[in-house]
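Let's have the full structure, built from the sequences with the hints guiding it.
Here the numbering used here is used: the first residue of the sequence shown is 362, the next is one more, and so on.
What the hints contain is simulated information worked out from the structure, not anything from laboratory work.
Built from N, CA and C at the ideal position, the CB exists for glycine as well.
Be aware that one or more of the hints could be misleading.
[Unchecked claim] The calculated label-pair distances, taken between Cβ atoms and stated as ranges, are:
1. Asp383 <-> Glu409: 27 to 35 angstroms
2. Leu398 <-> Pro375: 14 to 22 angstroms
3. Val376 <-> Lys410: 25 to 33 angstroms
4. Leu382 <-> Asp406: 14 to 22 angstroms
5. Asp377 <-> Lys410: 29 to 37 angstroms
6. Ser384 <-> Gly411: 12 to 20 angstroms
7. Ala404 <-> Leu378: 17 to 25 angstroms
8. Val376 <-> Glu408: 18 to 26 angstroms
9. Asp401 <-> Leu378: 30 to 38 angstroms
10. Ser384 <-> Lys410: 27 to 35 angstroms
11. Ser384 <-> Glu409: 27 to 35 angstroms
12. Ser373 <-> Ala402: 14 to 22 angstroms
13. Glu380 <-> Gly411: 28 to 36 angstroms
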Amino acid sequence: MDQKEMTRLTVSLPVDLVEKLDSFRGPGLSRTELIRLILDAGARDIEEKGGLQLDINFSKN
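Below is the structure:
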């Protein structure tokens with residue numbers, strides 16, 4: 362059974378970014394879950410397209 366090589370990614374987010382993320386979280390969604398969703402979307406992009414471009418834009422209407 363082949364095992365894929367795992368790459369560990371450690372992300373440090375500044376407090377002001379975390380506070381902005383908090384304003385977009387829905388009820389029952391933790392900070393970790395929100396960040397994981399964002400990174401999971403990026404991981405799928407890497408698998409499908411061979412690269413990653415992650416843009417996070419914050420705006421309130």
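Status of each hint after checking the structure:
no., hint, result
1, Asp383 <-> Glu409: 27 to 35 angstroms, "30 angstroms, holds"
2, Leu398 <-> Pro375: 14 to 22 angstroms, "19 angstroms, holds"
3, Val376 <-> Lys410: 25 to 33 angstroms, "32 angstroms, holds"
4, Leu382 <-> Asp406: 14 to 22 angstroms, "19 angstroms, holds"
5, Asp377 <-> Lys410: 29 to 37 angstroms, "30 angstroms, holds"
6, Ser384 <-> Gly411: 12 to 20 angstroms, "33 angstroms, violated"
7, Ala404 <-> Leu378: 17 to 25 angstroms, "20 angstroms, holds"
8, Val376 <-> Glu408: 18 to 26 angstroms, "31 angstroms, violated"
9, Asp401 <-> Leu378: 30 to 38 angstroms, "18 angstroms, violated"
10, Ser384 <-> Lys410: 27 to 35 angstroms, "30 angstroms, holds"
11, Ser384 <-> Glu409: 27 to 35 angstroms, "30 angstroms, holds"
12, Ser373 <-> Ala402: 14 to 22 angstroms, "20 angstroms, holds"
13, Glu380 <-> Gly411: 28 to 36 angstroms, "34 angstroms, holds"
In this structure, the earlier hints numbered 6, 8 and 9 are contradicted, and the remaining ones agree with it.
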